[in-house]
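Those protein sequences? They're chains V and R, same order as listed. If you use our numbering, the first sequence closes out at 272, no skipped numbers anywhere. If you use our numbering, the second sequence closes out at 262, no skipped numbers anywhere.
No lab work stands behind these hints, which were simulated from the structure alone. One or more of the hints may lead you astray.
As a list, the in silico BS3-like pairs of lysine-lysine whose alpha-carbon atoms are at most 27 Å apart [claimed, not checked]:
| hint | chain 1 | residue 1 | chain 2 | residue 2 |
| --- | --- | --- | --- | --- |
| 1 | V | K267 | V | K105 |
| 2 | R | K140 | V | K33 |
| 3 | V | K106 | V | K35 |
| 4 | V | K217 | V | K267 |
| 5 | V | K108 | R | K140 |
| 6 | V | K25 | R | K164 |
| 7 | V | K35 | R | K139 |
| 8 | R | K42 | R | K241 |
| 9 | R | K241 | V | K105 |
| 10 | V | K33 | V | K105 |
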Amino acid sequence: MADTTEGTFVSHARNDFEKDLFVLKQLVTKDFKIKYRRSFLGVAWSVLNPLLMMVVMSIVFSTLLGSNIENFPLYLILGNITYSLMSDSTSKAVTSILDAAPLLKKVKIDRFVFPVQKILFALVNFAFSLIAVAIVMLWFRVVPTWHIIWLPVCLGLLMVFCIGIGLVLSAATVFFRDVIHLWSVVLTAWNYITPVFWDFQMLLDRGAPSWTLAIVKANPMYGFVTFMRDIVLWQQNPSLGILALCTVWAVVMLVFGIIVFRKTEHKFILYI
Amino acid sequence: MAAPTGIYRQYNTPAAAGEYAIEVDDVTMIFNMASEQLNNLKEYFIKLMRRELFFSEFRALKHVSFKVKRGDVVGLVGTNGSGKSTMLKIIAGVLEPSEGSCTVRGNIAPLIELGAGFDMELTARENIYLNGALLGYTKKFIDSKFDEIVEFAELRDFVDMPLKNYSSGMVARIAFAIATITEPDILIVDETLSVGDVFFQQKCEERIQHFIESGDVTVLFVSHSIEQVERICQRAVWIEKGDLRMDGPVDEVCQAYRNQFA
Numbered sequence: 001m002a003d004t005t006e007g008t009f010v011s012h013a014r015n016d017f018e019k020d021l022f023v024l025k026q027l028v029t030k031d032f033k034i035k036y037r038r039s040f041l042g043v044a045w046s047v048l049n050p051l052l053m054m055v056v057m058s059i060v061f062s063t064l065l066g067s068n069i070e071n072f073p074l075y076l077i078l079g080n081i082t083y084s085l086m087s088d089s090t091s092k093a094v095t096s097i098l099d100a101a102p103l104l105k106k107v108k109i110d111r112f113v114f115p116v117q118k119i120l121f122a123l124v125n126f127a128f129s130l131i132a133v134a135i136v137m138l139w140f141r142v143v144p145t146w147h148i149i150w151l152p153v154c155l156g157l158l159m160v161f162c163i164g165i166g167l168v169l170s171a172a173t174v175f176f177r178d179v180i181h182l183w184s185v186v187l188t189a190w191n192y193i194t195p196v197f198w199d200f201q202m203l204l205d206r207g208a209p210s211w212t213l214a215i216v217k218a219n220p221m222y223g224f225v226t227f228m229r230d231i232v233l234w235q236q237n238p239s240l241g242i243l244a245l246c247t248v249w250a251v252v253m254l255v256f257g258i259i260v261f262r263k264t265e266h267k268f269i270l271y272i
Numbered sequence: 001m002a003a004p005t006g007i008y009r010q011y012n013t014p015a016a017a018g019e020y021a022i023e024v025d026d027v028t029m030i031f032n033m034a035s036e037q038l039n040n041l042k043e044y045f046i047k048l049m050r051r052e053l054f055f056s057e058f059r060a061l062k063h064v065s066f067k068v069k070r071g072d073v074v075g076l077v078g079t080n081g082s083g084k085s086t087m088l089k090i091i092a093g094v095l096e097p098s099e100g101s102c103t104v105r106g107n108i109a110p111l112i113e114l115g116a117g118f119d120m121e122l123t124a125r126e127n128i129y130l131n132g133a134l135l136g137y138t139k140k141f142i143d144s145k146f147d148e149i150v151e152f153a154e155l156r157d158f159v160d161m162p163l164k165n166y167s168s169g170m171v172a173r174i175a176f177a178i179a180t181i182t183e184p185d186i187l188i189v190d191e192t193l194s195v196g197d198v199f200f201q202q203k204c205e206e207r208i209q210h211f212i213e214s215g216d217v218t219v220l221f222v223s224h225s226i227e228q229v230e231r232i233c234q235r236a237v238w239i240e241k242g243d244l245r246m247d248g249p250v251d252e253v254c255q256a257y258r259n260q261f262a
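The shape of chain V in the complex, shown without the other chains (with noise of 0.2 Å):
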């Protein structure tokens, strides 16, 4: 092969790291193009969607709950997105080793770059939805302020969540289908003890009882769609609390998920 452009680029990757940063890139792209092919307005779906569910959910809801939160389209638009980045990204995960099967079996690849490539991919999906949240606080005047800075620190951490949870269930269900189905239900379940639709004072000024109150304190989702409301919606800084809260569950959650995976991934392809 006398060609003249050999030793101009080094041809292989220099570690590991770097490769998996190629693939995840090609795969994340591969998603999305996937995704949006043959669809007529495409990438447009992904702003459309969120309005959508906004507008339906406004309708049912304010009337419902009587609602007095102001500009609550935009507190419910928030609530949703930041709820569907964790539970589009870790129900695509759950399936995501098994998917993957095809290319375990026949080519050497680092196993943990399947469920984070989904969640990269709803990350990407999410980015989409941050232009119909623009639209809707262009709607209601809404000025965004400098603590949307605070942005990529609450992505991050629930980014970190979700590869955490990612991991573990990938893993699980290499060994037991069932978490699959399991997980759609507790993402029902989860969905409800999140406030996207309703508020914290509700519960209070309902006269919850005190377990249910630690409950949905202690929920993750709670708080990072409690952190991205604030910094969107209540222009504020994010309290110690919710912080403290988002950066705890992201660090468990992660290091449990490394732990499981790490454990399990060497018998991946005997069962797949």
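With chain V's structure known, arrange chain R on it following the hints.
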């Protein structure tokens, strides 16, 4: 089943003088042959309670050891189901050995199953990048070699067509072209040359021959055609039912291999 305790090591730098490119040391590969696969919690607990969780083990490889020097061309022979492909997959890093260790020095171009890692919904162009990433290439490198890959595969007019519209031969061409666009340190060839038309087969064999002549590329070669092994390789390893039967110069091993049928 206990987690595998085997070790797989792959270094990115090619073997230095005095080092082996591939070292297979006492490798055993055990597969579970559960009479039924338990993928569901209820079944698992019932079986656990009744103490019916037996797994019969199947040993695809039993204490196999061999070493390959850099630049050697080694053929693996054996009948169907003897463990050749398992051996190749362990060396390529796809399977982890249950026991023993496998050390590989240098980057690997695995031509084990051409087209593994392709997504049929994506176009050839997109697949070249995806597959290149899986092989460990950098983006810049694929950019610079893109035309060369397409040219070798002779698919210039179809680059932006989804792969599902390709014939299997066309898919194999692309896969071969990507894996061999740069000189690998170790080339693993598993019956891949049987796909594609005669002209492309010839082209592939020429390229492999070119690697062999360079003297730097270590080649592991599996083929059912014993003549092809004799033609291409200097040394052969005979694996039968998971046991290493013989390891030596290609004509001696191939002679012995043939004699078992006589």
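**Request:** State the violated hints by number, sorted upward, taking the hints as numbered earlier in the document.
**Result:** 4, 8
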